[in-house]
Amino acid sequence: MATSSLQTALLRNVKDVVIFLGIFGLLALGMLWVLDQQSYDWQWFRLWRYVYIEHDGQYYAGPLLRGLFTTLEISAYAIVISAIGGFVIAMMRASKLITARAIAKTYIEVVRNIPILVLLFLIYFVLAPVFGLNRFWAGVMTLAIYEAAFAAEIYRSGIEAVPRGQKEAAKSIGLRPLQVMFYVTLPQSLPFILPAMTNLMINLVKHSAIVSVIAIFDLTNEGRNVIAETFMVFEVWFAVAGIYLVVTTILSILASVIENRTKRFYAR
Amino acid sequence: MRFFKDLKAGDYVILAITAAFLGAVWYQLAFQINYNWDWSGIPSFFVYYDEETGYQQNVLLIGFFNLIRIAIYSSILSVILGLGLALMRVSDRRWMNWTARVLVEFVRNIPPLVFLFIFYFFVSDMIFPVLGIRAFAQMLANSDSAVVGFLFGDRVFVENLIAGVICLSLFEAAYVSEIFRAGIESVGKDQREGARSVGVTKYQEMRYIVLPQAFEKTVPPLVGQLITLIKDTSIMSVISIQEFTFAGSEMVVSSGRIFEVWITVAVVYFIICYALSVYSRRLEIGRTGR
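Protein chains in written order, with our numbering: chain L, 1 to 268; chain S, 1 to 290.
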């Protein structure tokens, strides 16, 4: 059913499909022409050994795949920390305590108004020696601190999206403020929070490329290394961009699956 | 004092934790790392006094001016490109819609850093020589006019700056186009149908009915995007464009004042971006308040 409808859709829009493919064909041709003018030497066949290594029938991850694992590892730690940290900050912002609100607001404004690269340098060069963090954790903490500020805003808008009546009703039957938050408000704000949070996670994976600047060997840095070794600039960058695209696409498919599940769960 | 009367027990706990945290940082700095703070040199990293030539701009101020230049050029270019992409997105012709969509999704799904590496190399090493822009940039660099100096800063980096601005604009255009698209789509259908029914052409409908209303709605998010753009200029330091963060790292290397310089750099970015975000918020309040 799906393929046949796709077929009819394609047939109905033959002209558009042809022009669309023509544009990208022309773009690709133009690029190839420009590279040819500079006598760029394409060596796609040499790329594979940097993706995986075969040795005695065994397969090992090459530099690019190892870089991908580092990227995913850093992102995973940063995601967990920023989800928890963002929640704490959101709670502080919603709190009745003046100091809690002030600290949360300052944190959000400061982090949102300086570039992530400068934040990385601040943490790596200034805070890391103070707390004895190594490179890897300086990278993780930068990403976590940066995204936590955005996560906090997501939690806040999710909580605010729950109708006031719900809170008031919960209060009137005698629940304490924390109980109202955890039994009434938060469960209902989940459908608002989840889509934005999964989006944030995808952004975090993309932003993690920045840690290559402090010599963490993530996907981007491994790519730079391979280029320095082989001069296959375009092959390697296209491969790296392709890997990022695959990862973000898989994550966004996962995100839409989660979103649909929660929607179905709440529709029951 | 009234302030202390308003504090509750929880506030004191939080204050105590904050004080303990700051105290720990201070203790580590003062006794474990033995860092010698010296802020006295920082102003001279912006402006220094020369016996013969008087006041001269130093590395950080040059970097700051480059940051402003890049931000202005890129924001103009990215708004033009973004508007083009947005018009393609809302077009009735499907191929336009698809093309714009593929371009936007491609840009939005790879890391800014990787995008910059690919396009900077492609633009500056491949396209510039072929299209003769390199020769043009060199001509500019060799000319002695003050205008070139004002527009591009240091003459040695003219080509570098142009390539960087193009890359950043291509990148930001994808995000700007989404803002414009949302603005255009927010203009009610009745407006467009009304326009059609009085017999204006499609171009006139866009130009006189839809875009004026769309622009009004897009101003606050565009200012927000400008903040992102200013923040994103910092990653251009990675491809050796002499902007503010690059100047910062140069100054760190030459002066060894790691902590002071990075904190100064962060503060300057914060002041620019925070001022803009306050402005953006005021715009938004002005709109809803009406």
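Read the hints as simulated data drawn from the structure, not as lab findings.
Mixed in with the good hints, there may be bad ones.
[Unchecked claim] Partial list, computed: chain L residues near chain S (C-beta under 10 Å):
1) E54
2) L122
3) A209
4) F238
5) G242
No residue lacks a Cβ here, since even glycine has one placed at the ideal position from N, Cα and C.
> Can you list which hints this structure breaks, lowest number first?
Replying inline: 1
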